[in-house]
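S.K.: Sequence lines, in order, name chains A and B. Start counting the first sequence at 1; every next residue gets the next number (this note's numbering). Start counting the second sequence at 1; every next residue gets the next number (this note's numbering).
Honestly, I wouldn't trust all of these hints.
[As the list claims (entries may be wrong)] To spell it out: a stretch of chain B is covered by chain A in this simulated footprint if at least three of its residues, at any positions, have a beta carbon under 8 Å from a beta carbon of chain A; those stretches are:
{"hint": "1", "region": "60 to 71"}
{"hint": "2", "region": "74 to 81"}
{"hint": "3", "region": "87 to 99"}
{"hint": "4", "region": "114 to 124"}
[Claimed, not checked] Some chain A residues judged to face chain B by a derived CB distance under 7 Å, without partners named:
{"hint": "5", "residue": "Asp-45"}
{"hint": "6", "residue": "Arg-49"}
{"hint": "7", "residue": "Ala-53"}
{"hint": "8", "residue": "Asp-55"}
{"hint": "9", "residue": "Pro-57"}
{"hint": "10", "residue": "Ala-88"}
{"hint": "11", "residue": "Glu-93"}
{"hint": "12", "residue": "Gly-96"}
{"hint": "13", "residue": "Val-122"}
No wet-lab data here; the hints were simulated from the structure. No residue lacks a Cβ here, since even glycine has one placed at the ideal position from N, Cα and C.
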Amino acid sequence: MWMTWNDFDRHFAAIDTLRRELERSVGGTRQSRRLGRWPEATLVDEGERFVFAVDVPGLTQDDLTIDVHNSTLTVAARRVVNPPEGYATHRSERTGFEWKKSFTLPAKIDGERTAANLEEGVLTISLSKLPEAQPRRISIA
Amino acid sequence: MTTEMTHTTASEPVTDRPIMTPAVDVYENQDELLIVADLPGVTSDSLSIDLEDDRLTIYGRRKALCSEDTPVLMGGGRAFDFRRVFTVPEAVDAEKITASLEAGVLQLHLPRHERTKPRRISIRTAG
Chain A
1 MWMTWNDFDR HFAAIDTLRR ELERSVGGTR QSRRLGRWPE ATLVDEGERF
51 VFAVDVPGLT QDDLTIDVHN STLTVAARRV VNPPEGYATH RSERTGFEWK
101 KSFTLPAKID GERTAANLEE GVLTISLSKL PEAQPRRISI A
Chain B
1 MTTEMTHTTA SEPVTDRPIM TPAVDVYENQ DELLIVADLP GVTSDSLSID
51 LEDDRLTIYG RRKALCSEDT PVLMGGGRAF DFRRVFTVPE AVDAEKITAS
101 LEAGVLQLHL PRHERTKPRR ISIRTAG
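Just chain A, with the same shape it has in the complex (with noise of 0.2 Å):
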């Protein structure tokens, strides 16, 4: 499959609107760029499927809300950090957060074959491209 440069241009597009949504969301506070980053988010391109990925520890999955439509995945995620009861706080780093995220894939998603999975305070989805998203390899006759 060739690639126009309208398609090149298109597909560096996303991923530089991937780059600042990243750089927006961990910019942050002082602190929060030293310590914990949060989201911590990862995106990868396996051929027939992008791997997202971000850190949520301590999240269980009634704190999370994913939605896939077309290209944009939308991930949403909530902690609440409580001192545990009769403690005295000497120093406190983890900090709750609140914050609901799009990013745009490029290249349309099969949203029947979207697998999610948490596991280790991590967040994981796969998201299968469309047939006709997916990489050919062209044999030559």
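For chain A, the structure is supplied; the task is to place chain B on it using the hints.
M.R.: Using the frame of chain A, we list chain B on its own:
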């Protein structure tokens, strides 16, 4: 930023594996110190907690999200380590330290020695 990193990790690692400082809460009550650390992506197998003299080292290894040749469109996805070192007060009973890891959050209980627990002295009044 760089100086802060150097400050928190006094020694330099030999391998080219980034070291992150995890966010930590420290609480205390009459019975114990409680350390809570965010260690997303760390399993109990890849976490070590060592106490040497009064140095408590929390060290968690985290796998890469994908193989090296997979294109990364955003973020890192690289393997890295979490590391944090605390100086533990003498009052802590090293034998009785317990730890649990759940959903990427470590809870480390450091109980005080019985003899160092605060006691309230009752005052007897004459008559």
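S.K.: With reference to the structure, classify each hint as holding or not holding.
M.R.: Going through the hints against the structure:
| no. | hint | in the structure |
| --- | --- | --- |
| 1 | 60 to 71 | holds (count 4) |
| 2 | 74 to 81 | holds (count 4) |
| 3 | 87 to 99 | violated (count 0) |
| 4 | 114 to 124 | violated (count 0) |
| 5 | Asp-45 | holds, 5 Å |
| 6 | Arg-49 | violated, 11 Å |
| 7 | Ala-53 | holds, 5 Å |
| 8 | Asp-55 | holds, 4 Å |
| 9 | Pro-57 | holds, 4 Å |
| 10 | Ala-88 | holds, 5 Å |
| 11 | Glu-93 | holds, 4 Å |
| 12 | Gly-96 | violated, 11 Å |
| 13 | Val-122 | holds, 5 Å |
Hint check: violations occur at hints 3, 4, 6, 12; the rest are consistent with the structure.
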